[in-house]
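Chemist: This is what each chain is made of:
Protein chains: 2
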Amino acid sequence: MKFIHTADWHLGKLVHGVYMTESQREVLHQFVDIVAEEKPDAVIIAGDLYDRSVPPTDAVELLDEILFKINVELKTPVIAIAGNHDSAERLSFGSSWYKHSQFYLAGKLTNSFTPIQIQGINFYMVPYAEPGVVRQLLEDESIHSHQDAMKALIGKIEETLNPNEPNVFIGHAFVLGGKTSDSERVLSVGGSGCVGVELFEPFSYTALGHLHSPDAIHHSKVKYSGSLLKYSFSEAKQKKSISIIEMDEKGNFSHRYRSLNPTYDMREIEGYLEELLDPQFYEKERTHDYLKITLLDEGALIDPMNKLRQVYPNVLHLEKKIDLTDVRKKDSYQVIHSKKKSEIELFEQFYMEMTTAEFTLEKKEAMAEIIEKVLKGAEER
Amino acid sequence: MKFIHTADWHLGKLVHGVYMTESQREVLHQFVDIVAEEKPDAVIIAGDLYDRSVPPTDAVELLDEILFKINVELKTPVIAIAGNHDSAERLSFGSSWYKHSQFYLAGKLTNSFTPIQIQGINFYMVPYAEPGVVRQLLEDESIHSHQDAMKALIGKIEETLNPNEPNVFIGHAFVLGGKTSDSERVLSVGGSGCVGVELFEPFSYTALGHLHSPDAIHHSKVKYSGSLLKYSFSEAKQKKSISIIEMDEKGNFSHRYRSLNPTYDMREIEGYLEELLDPQFYEKERTHDYLKITLLDEGALIDPMNKLRQVYPNVLHLEKKIDLTDVRKKDSYQVIHSKKKSEIELFEQFYMEMTTAEFTLEKKEAMAEIIEKVLKGAEER
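These protein sequences, in sequence, are chains A and B. The opening position of the first sequence corresponds to residue -13 in the numbering used here, with each subsequent residue numbered one higher. The opening position of the second sequence corresponds to residue -13 in the numbering used here, with each subsequent residue numbered one higher.
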């Protein structure tokens, strides 16, 4: 039995203010071609189909188009779960109809732990859910962390799981020790959000979503497929792919990657402004890639972004390499106040990720006040 | 052949800041019971399934639940189109899967005018679309108004329509002369948005959505079903219902209503505060209805809303009956400046309807400035 494992499509994603939809469309068409060629018995999507609960309409249309091609035109069963970026309720709409054509979509976590059976393999779908939701669902007051929640859920599955059959777990979680990228949203503010890899021991294969690197963890049976595209510059050196698994009736499997290659790569370059604008240099470059450019120049430059965009239209981020001694000088205040600073910074990052709006000075001040109160309260307890 | 005609469910609707979801759920369960009892060959929903393009998640779950009961559990074909309140793209998601179980959902208007055939009747689905969208779709530069658009669309349908068969048109439009209510969103700012009833002549029956009264127009073959519930006090005296049509192979049909009865009605009452708060009065009243209360008292009253809500928990709107001579005095300024005043008022109404946010003084001033500029420009032309 052969299945494809993918995750973290993040349709509708904005990277530094630029919609990735066209690159997503391109790579998803490559994905459809791979499905047509590999003829798997199932395609698994382990969460974060969309980048947010209300994605832009062209992302909605793209997902509809791609899933229709795979499921209806290529007659391939699809098993998909919601991730932390998806709206469980919105994604669930219509799932009762889809299953008639073997498109199994789990948006909201339910109390039913019956697997989907395809060609002798049991697929357990566990969509992303907050620990509080799992606590309520399982009526288990002892559930507080993601670790507690996952342990309880797998405990439920184990009540009926037959260990002599091949069992595949499909989940969306941050497995302990996994390598993170800048484009994953933290699962827990204040807690680790992590779950231990040992929890997945009962399964022949665990198909995970959430971390964006295909080698976020190294484990023989628990794997991330990685995201569809690079969604942050911290992923610039990753190779994006999907995983192809062939499993026998005992749950033994082989695993290989097939890469996805968008026309425009996301990468970082470094140099002096003059050098980067020199045709001798850029003629050898893939100038339309999504770029983070680090300028080595010292002193002031006149409108460097505008000049660079004449040559590199998709510059997403520009920065100057700052002398380390400078940073130390500037940061002396920050270091002293590092505790307070880091909370507001964390929130700022979180806010911008959630809303893509600017975190203005007024907002910052209001939040700083709240954090101060909370910290004061914590000290007093 | 028997079919049910309904429209304007407006799931997720807020009336005076109160979600109607629970009343909608109640009435939709009555609707499901009627479907189970009548056993129609099809259920038609002529647009505005949701109240807005991104409805609240409980509205999404309610629609999913109800359509599943009707289409899958009761095995009744469903034909639904998007109205002006729906997001065509979001509503369309999954429609390719639904049609396998005879759930036909047209979100976006397409260039295909092939009818759905059920039991010898041809159902033509024409989801709501702006004239500009129709102009582009049909590549017909002469389309400017809703009348132009509808005429062109029906022209397209007529190219292949067989007048010897029973043909049903399903659309979402404002038919000329139709009686409006306060809860319908205007289709055209600046134009009438109307279409002539004569356009629908080629059809045996025209199942319309948009106007909320089941007798918005009186025509033997062109009909509104009316909305699911009363959504404004201007509808307080309407009787809400669904239409049951039985049609023969020649397109002749009988038409009858079945009423929908929510536990809490929406209605207006009038009286003196003291009288309304008197147990002798309110013990005979259905005090939990959604109410607009008009107070007859003169002079100041202390916190009347709060007092009234102790007895009538669902007061949605409170006003005082003002002496007509007072109004004339106050409005003398307005009458003189009636032209400018009415545009900003129209916009204010539109703004609050679209966003449910407050139209603050700053917003009003900014808009007044724009209107003034536009009017000045118009005078100069």
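No lab work stands behind these hints, which were simulated from the structure alone. Be aware that one or more of the hints could be misleading.
Which copy? The list can't say, so a pair holds if one copy fits it or any two copies do.
What the hints assert, rightly or not - Mimicking BS3-like on lysine-lysine, the simulated pairs with C-alpha atoms at most 27 Å apart in a straight line are: (1) Lys225 to Lys359; (2) Lys142 to Lys207; (3) Lys25 to Lys236.
Chemist: Taking the hints in turn, state whether each one holds.
Modeler: Hints, verified against the model:
1. Taking identical chains as interchangeable, the C-alpha atoms of Lys225 and Lys359 are never at most 27 Å apart, the minima being 44 Å within one chain and 55 Å between chains.
2. For the identical chains of this complex, Lys142 and Lys207 are intra-copy neighbours only, at 20 Å inside a copy versus 58 Å across copies, given an alpha-carbon limit of 27 Å.
3. Taking identical chains as interchangeable, the C-alpha atoms of Lys25 and Lys236 lie at most 27 Å apart only when both belong to the same chain, with a minimum of 21 Å there against 49 Å between chains.
Hint 1 from the earlier list is the only one contradicted by this structure; the remaining hints agree with it.
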